[in-house]
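Novice: If you read the protein sequences in the order shown, they are chains A and B. Numbered according to this note's numbering, the first sequence spans residues 1 to 403. Numbered according to this note's numbering, the second sequence spans residues 404 to 492.
It should be emphasised that the hints constitute simulated quantities derived from the structure, not laboratory data. Glycine residues also receive a C-beta, built at the ideal position from the N, C-alpha and C atoms. Hints may contain errors.
Stated by the list, open to error - Chain A is faced by these chain B residues, among others (derived, beta-carbon under 8 Å):
#1 S421
#2 N436
#3 G444
#4 E464
#5 I467
Said to hold, decoys possible - Residues from chain A shown here face chain B by an in silico Cβ test under 8 Å; the list is partial:
#6 T74
#7 W177
#8 S180
#9 I245
#10 I247
#11 T320
#12 L335
#13 Q382
#14 L386
Letter by letter, the chains look like this.
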Amino acid sequence: MRYVITGGGVAGTTAAEELRKRDASAEIILVSEEHHPLYSRVLLPHYLKGKVPRERVFLKKESWYGEHQIEWLTGIVCEHLDTRNKFVGLSDGRELPYDKLLIATGGQVRPIDHDVRGVSYLRTLDDADHLVQLLAEQPAISRAGIFGGGFIACEYLNIFAHFQMPTALFHRGAYFWTRSLEPSAGALIHKHLLEHGVELHANTQITQLHGEKSGLKAGSGSAGDLTGIVTAHGEHAVNLLGVGIGIEPDFSWLQEAGVETGVGVRANAFLETNVPDVYTAGDIAEFFDPIVERHIQAGNWMNAMSQGRTVGKSMSGERTEFRLVSSYATNALGLEIIFVGDVERVAVEQVHIVGSVEEGSITQLFERAGRVVGGVMIGRNQDRTLITKAIQERQTVKELGIC
Amino acid sequence: MPRIHIKVDPDLCIGAASCVTIAPETFQLNEENKAYVLDHGGEPTPRSYERVIEVTEEEKENMILAAQSCPTLAIFIFDEEGKQLFPDL
């Protein structure tokens, strides 16, 4: 049996590990765009703040792949898929036949249109290394900007606060996570950020970046160093800009091959795509979730790792349904924010609210067909266990009994 | 049965809850959204981030799996002699 896995992140690597456990003689080939052995993206903020040294972000050693007879191809992506003859075309020109193929390529950060030295993204270890460098180069008086209103924006808020940089935040929506949050929950987050000294600019697009050639730093990029950003409301002095406006998976090569895609690669509850022997897992998967009974995409660690394990089982012959209520927890300057289950406002019938801006904490409950399918807790960690259980057990809002 | 020492570093824990999903008898989240350690579902007071518990081989394997699933490697597991079983040093 020959397994090809494209994507060397936690979903793909966990699947490779599971396959090896179940099949000692199979050929396993792991195609990875990045050159690093598996590391934890979730640890990158800890690394940036100096909580853990760089070497602690790695979850596998380079030797691990060879020790487990996993052929690890780095710096390579799949560019072509032939589902009839069952092979993938690699970016180095090679063709790689497979018996079973796993697509676990995650997503690439969505970039802004402008590139000046001083613009940072936060997805990969290389991005984090770049930010470490930028932070080290900052002059004594330096202002940070953040573009985005989601989880990555929260990480930048904490990182810039750690370095005591005055911070201005710009986002396109009226508030954070407009697809999930009600206006009151958005207002609660804004209030918290304002109280912590963040300068806020909602409903804002960046139209231009200003850079200046620095005579002191030879070879520091031809466009010069970032000095400011321009929005419809004027120019803002900023020396470092953290961008977190989402990820976009690249699946044109899959679409050309007839693999069904929506916002992600579509799959059933067994993580099987519409093409025989082609599976998907992790951030790129838009899978049928049998608990909330619709297709969802879940960009979090727990989901990616668990899907890797489940899909490994299925690919090795033990067809297994994926069942998990996954969650994403973050913290924005001390305010705890947790998303559990299906939290898309347009996909539910009602959103119930517990708490208020005045109380300093809000929980949103998402209800569909009479059942609790999701929850967002802002400053209300105590609801998490109950809501997770309510989603798993398909309770009604009344049975859950918190509102 | 072997005894193992399980320890959560609350400073590293971010409440991702992977450990709770894999080993709910051993890990739960407290109100600070940090994982604490239980003894077979029991909650000996006071709540604690570390505990020495008796486990079967199978339970031990599952706890190591839970520790491996932690995206911030905030869970440390030691054997009776104090040798670190996870993370690998």
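Novice: Would you settle whether the hint for W177 of chain A is holds or violated, based on the nearest Cβ-Cβ distance to chain B being less than 8 Å?
Specialist: It is violated, given that the least Cβ distance between W177 of chain A and chain B is near 18 Å, above 8 Å.
Novice: Using the nearest Cβ pair, does L335 of chain A come within less than 8 Å of chain B?
Specialist: Cβ of L335 of chain A sits 11 Å from chain B, so the hint is violated.
Novice: Do the numbers back the hint for T74 of chain A, that is, is its least Cβ distance to chain B under 8 Å?
Specialist: With a minimum Cβ separation of about 22 Å from chain B (threshold 8 Å), the hint on T74 of chain A is violated.
Novice: Quick one, is the G444 of chain B hint okay against chain A at 8 Å, beta carbons?
Specialist: Constraint on G444 of chain B not satisfied, violated at 13 Å.
Novice: The hint names S421 of chain B as touching chain A; please verify it with the least Cβ-Cβ distance against 8 Å.
Specialist: 5 Å, holds
Novice: The hint names E464 of chain B as touching chain A; please verify it with the least Cβ-Cβ distance against 8 Å.
Specialist: For E464 of chain B, the interface hint is violated, since the closest Cβ of chain A sits about 12 Å away, which is over 8 Å.
Novice: Would you check whether I245 of chain A satisfies its interface hint, that is, whether its CB is within less than 8 Å of any CB in chain B?
Specialist: 22 Å, violated
Novice: Take the shortest C-beta to C-beta distance between T320 of chain A and chain B; is it under 8 Å?
Specialist: At about 15 Å, which exceeds the 8 Å cut-off, the nearest Cβ of chain B leaves the hint on T320 of chain A violated.
Novice: Next item in the hint list is I467 of chain B. Is there a CB on chain A closer than 8 Å to its CB?
Specialist: 13 Å, violated
Novice: For the hint on L386 of chain A, does the least C-beta distance to chain B fall short of 8 Å?
Specialist: It is violated, given that the least Cβ distance between L386 of chain A and chain B is near 12 Å, above 8 Å.
Novice: Hey, does the I247 of chain A contact hint survive, CB to chain B under 8 Å?
Specialist: 17 Å, violated
Novice: Can the hint on N436 of chain B be confirmed by a CB-to-CB distance to chain A that is less than 8 Å?
Specialist: Holds, because the Cβ-Cβ distance from N436 of chain B to chain A comes to roughly 4 Å (cut-off 8 Å).
Going through the hint list in order, the structure does not satisfy hints 3, 4, 5, 6, 7, 8, 9, 10, 11, 12 and 14.
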